[in-house]
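J.: Sequential numbering from 1 applies to the sequence shown in UniProt numbering.
Watch out, some of these pointers could steer you wrong.
[Stated by the list, open to error] Each pair of labels, with its calculated beta carbon distance range:
hint, residue 1, residue 2, range
1, Arg29, Pro190, 41 to 51 Å
2, Gly110, Thr187, 25 to 35 Å
3, Asp210, Gly110, 49 to 59 Å
[Claimed, not checked] In silico lysine-lysine, BS3-like type, Cα no more than 25 Å apart, as pairs:
hint, residue 1, residue 2
4, Lys117, Lys160
5, Lys73, Lys117
6, Lys101, Lys117
7, Lys73, Lys101
Simulated from the structure, these hints should not be mistaken for laboratory data.
Think of the CB as a built atom: it goes at the ideal place given N, C-alpha and C, for glycine as much as any other residue.
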Amino acid sequence: MSARRSSGADTAPYSAGAYHLSGGHAITRYDVTFVRITTDTGIEGWDESTPFDRYNASHDGGIRAAIAEIAPKIFSLDPRKVDRISDAMDAARLDVEGTRKYIADSRAAGYTVFSVKIGSDPVANAIQVQAALDDQTHGEHFLVDANGRMVVESAVRMLKLLPGGLDFVHEAPIATYRESISLCRRTNVPIIFDDLASNETTLAQVIADDAIDGIGLEISRTDGLTVSPLTRSPNKLFN
1 MSARRSSGAD
11 TAPYSAGAYH
21 LSGGHAITRY
31 DVTFVRITTD
41 TGIEGWDEST
51 PFDRYNASHD
61 GGIRAAIAEI
71 APKIFSLDPR
81 KVDRISDAMD
91 AARLDVEGTR
101 KYIADSRAAG
111 YTVFSVKIGS
121 DPVANAIQVQ
131 AALDDQTHGE
141 HFLVDANGRM
151 VVESAVRMLK
161 LLPGGLDFVH
171 EAPIATYRES
181 ISLCRRTNVP
191 IIFDDLASNE
201 TTLAQVIADD
211 AIDGIGLEIS
221 RTDGLTVSPL
231 TRSPNKLFN
């Protein structure tokens, strides 16, 4: 038995009229993605994904892009052997050669600063980071961005798995301030914040604690250039 796949997408109204969330928000229509797995024996399996707009890390476009990337890796596999399909999906997500190609193509286009996105698995992260930095040259800068998906334990494990001498900055490894400070004290790898330094109070605390090595200021999270005093006059925090 082997697997084939077909899928479709549509918008559908919520049957009860509106799905109410906190803060007065309500959802009346969903962007739904349906997936059908069809085997060569005619047996079918169905699933669907219906992410909450703005309230879920997943979104309809990302789901469909992931399906397009992962689906070819499971074609011809026996759907009864779930462990092998899981291995194939893990390999598709890791895609070391894809990482190397992204770096090479960006380098050929003249870029010298690269952002490498990683997840929560320390072993997979270490492989991904090493692949990205394999051909690093003088003058190139690498940001390894976890988007706060790690915890102290997994971040420390990833850093210990990496060979010495890799030159990169760890961006937003952990979601909370306290745990981020704990990680900073356990490593000599430079760490920068982005979301955790999105207001004047937190940024002042970071400076007072001598907590990190830099910030990636996200203008959209600080009310824009014309509104936020943090972006207009950051020097006030140092006076």
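J.: So, for every hint listed, does it hold in this structure?
T.: Here's how the hints hold up against the structure:
Hint check: arginine 29 to proline 190, Cβ distance near 45 Å, so the stated range 41 to 51 Å holds. Checked against the hint of 25 to 35 Å, the C-beta distance between glycine 110 and threonine 187 comes to roughly 32 Å, which is consistent with it. Separation of aspartate 210 from glycine 110 is about 36 Å and departs from the stated range, judged on CB atoms against 49 to 59 Å. Annotation: proposed proximity of lysine 117 to lysine 160 holds, straight-line Cα distance about 18 Å (limit 25 Å).
Between lysine 73 and lysine 117 the alpha-carbon distance is near 21 Å, which keeps this suggested pair within the 25 Å criterion. A distance of roughly 14 Å separates the Cα atoms of lysine 101 and lysine 117; the hinted pair therefore holds under the 25 Å criterion. Note on lysine 73 and lysine 101: the hinted pairing holds, with a Cα-Cα distance of about 19 Å set against a maximum of 25 Å.
In terms of the numbered hints stated before, the structure departs from hint 3 and from no other.
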